[in-house]
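If you're matching them up, the sequences are chains A and B in order.
Just so we're aligned, residue 1 is where the first sequence starts under UniProt numbering, counting upward by one.
Just so we're aligned, residue 1 is where the second sequence starts under UniProt numbering, counting upward by one.
Just so you know, the hints here were simulated from the structure itself, not pulled from any lab data.
Hints are not guaranteed to be accurate.
Said to hold, decoys possible - Straight-line distance between alpha carbons at most 30 Å, and here's what the computed DSS-like set of lysine-lysine pairs gives:
| id | chain 1 | residue 1 | chain 2 | residue 2 |
| --- | --- | --- | --- | --- |
| 1 | B | Lys262 | B | Lys279 |
| 2 | A | Lys264 | B | Lys271 |
| 3 | A | Lys254 | A | Lys271 |
| 4 | A | Lys279 | B | Lys117 |
| 5 | A | Lys271 | B | Lys193 |
Number of protein chains: 2
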Amino acid sequence: MRIIVDAMGGDNAPQAPVEGALRAVRELGVEVLLTGRPAEIGACLAKLGHTAPPPGVEIAPASQVIEMEDNPARAFKDKPDASMTVGLRLLKEGRGEAFVSAGSTGALLSAATLLIKRIRGIRRAALAPVVPNARGNMVLIDCGATAEGTPEYLLQFAFMGAYYARRFLGIENPRVGLLNIGTEPSKGMELQKAAHALLTQAHEAGRIRFVGNIEGREAISQGAADVLVTDGFTGNIFLKTVEGAASLFSHALKDMLLGSTKNKLAALLLKNSIGAFKKRFDANEVGGTALLGISQPVIKAHGSSNAYAFFNAIRQAQVVAQADIVGDIAANVAHMRLEPGEKEG
Amino acid sequence: MRIIVDAMGGDNAPQAPVEGALRAVRELGVEVLLTGRPAEIGACLAKLGHTAPPPGVEIAPASQVIEMEDNPARAFKDKPDASMTVGLRLLKEGRGEAFVSAGSTGALLSAATLLIKRIRGIRRAALAPVVPNARGNMVLIDCGATAEGTPEYLLQFAFMGAYYARRFLGIENPRVGLLNIGTEPSKGMELQKAAHALLTQAHEAGRIRFVGNIEGREAISQGAADVLVTDGFTGNIFLKTVEGAASLFSHALKDMLLGSTKNKLAALLLKNSIGAFKKRFDANEVGGTALLGISQPVIKAHGSSNAYAFFNAIRQAQVVAQADIVGDIAANVAHMRLEPGEKEG
């Protein structure tokens, strides 16, 4: 299997993607096709002791780079020779089985939707990050690919998230919860009430394991769902709030451990455990965020990804491609559509 | 000043509210009027060594208790002699300057709105909890009093939150931010775009210090605003997500500190610091959540409040009443209304 990697995207490009790609080739049995400026990629390879791309690594030249300042909706048209644009075109041409980029989320979403296209019948692509909770990890879907939601989008997100959780998290029959402000079916706004009804129908038809409305607190502190379904606005608020809280706590913890000589001694005793503690909440461990609903596997790596995060994102792309999650979604899309005459308002 | 306290509301009633009230009388120079079943309150007083209410403490008999199972919208009508209903009626009659209850949030909101009424011109009351961030604390408004939002509600929440932050948190010129999924004015849904425009106008007129859209991450990890304005649905998701993350994190920390003999030794060294660390994130420290927009001061104490939390909620009620935040809001309500012909969509 060959994974196409945008070598120019992210805060630590091109060194981090190149280094992560080389490790993936060594350890995962994949080939990697790097898109970007050959001279810059070559310099990164040289730093790692390679005068030419090692076996399993190829370079696809791309002279431009999509920057955060570029208009996300138009970036791939304005920069047809950008590393992201070239990578997606190669994916479409079948030169690889999946694409990984740490570039602009908005640009990747627009470019993937317009170049690769959505799976037929899927209304919107969704960003599905993996978020830690008390039981391990859950899939959040959507977290901002589309701000506005409709009940039908949420129904589709639920199915897509469930297939992804099964294949990527290895949860055979994932519990799907609807993020809401209370557990009763009457809670929330019109969107949540209508989505609750659609998800209940899908559950009763045996097509999904819907466990009802879940509040943000129980989603995290009890791991009450394996798939947390919501509109992109709410999901983005949820994800960023988790990240903010994690940052606040870890800084407070660090301040505490450096606060006195006695505390520094305690920190020494805890050294190994703190490593494991941090690892559990470290986004670099997962890799990236799957862009579900696109007709070929696309993974958005975090903008701040280091080499290890790129390695993990490539592993994630490999799982998504091998497990054929796109095929799962395409084969079941008939159940994710509202019947004629049942269109959302 | 006399504070009316619902002695029957919350998980730890009546012991915790009675104990918190006695401490408030001793330490804060307030009088307290306890509403509830005299025999049960008397038994709590006896446990604290009092055969009769001590000076500064009075009991207003109320035979019923509003339970979580009661319909929130009708509870105060169905139970006219409930401790909450009686307390609000006494507040209206001027028998005290503020009311504190740890009973059902929905019932308190409905009863306060219908018995005490909103401030003239205020469209919706709002729940305004204090949430920790990297700079100390911020006011979140609304967090679920009304799920749906309009731009005018959010404008009013911004003013009310700013007056409250000034008086309760002591921040002279509080920075007001709009919770959103990006910082550009074009981000979010129609609600956020329209609210951004109204808040910008109010800022330009010198009436509020609007610092623009704030993402959940920066709100917490950088303390980017002193007042975080949002609709009740989004605010509730934000608050519960913070609580869930705090719970997950503190359990993981506890597991780590009990994980080995070496770690237990470290925990001993850290003992005092961990107390301070927990205190910083402990909801009991703040007291309760102000119900802003009601024409007399009403404080919702957390359902799980202990005696110390009730003491703090009474202190908070005292500040809100002494500072006359209701007067601040009423005096400025003309600036919080959309002009005729500018009504929200």
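Structure-based check of all given hints:
no. : hint                   : result
1   : Lys262/B with Lys279/B : holds (25 Å)
2   : Lys264/A with Lys271/B : holds (13 Å)
3   : Lys254/A with Lys271/A : holds (12 Å)
4   : Lys279/A with Lys117/B : violated (51 Å)
5   : Lys271/A with Lys193/B : violated (47 Å)
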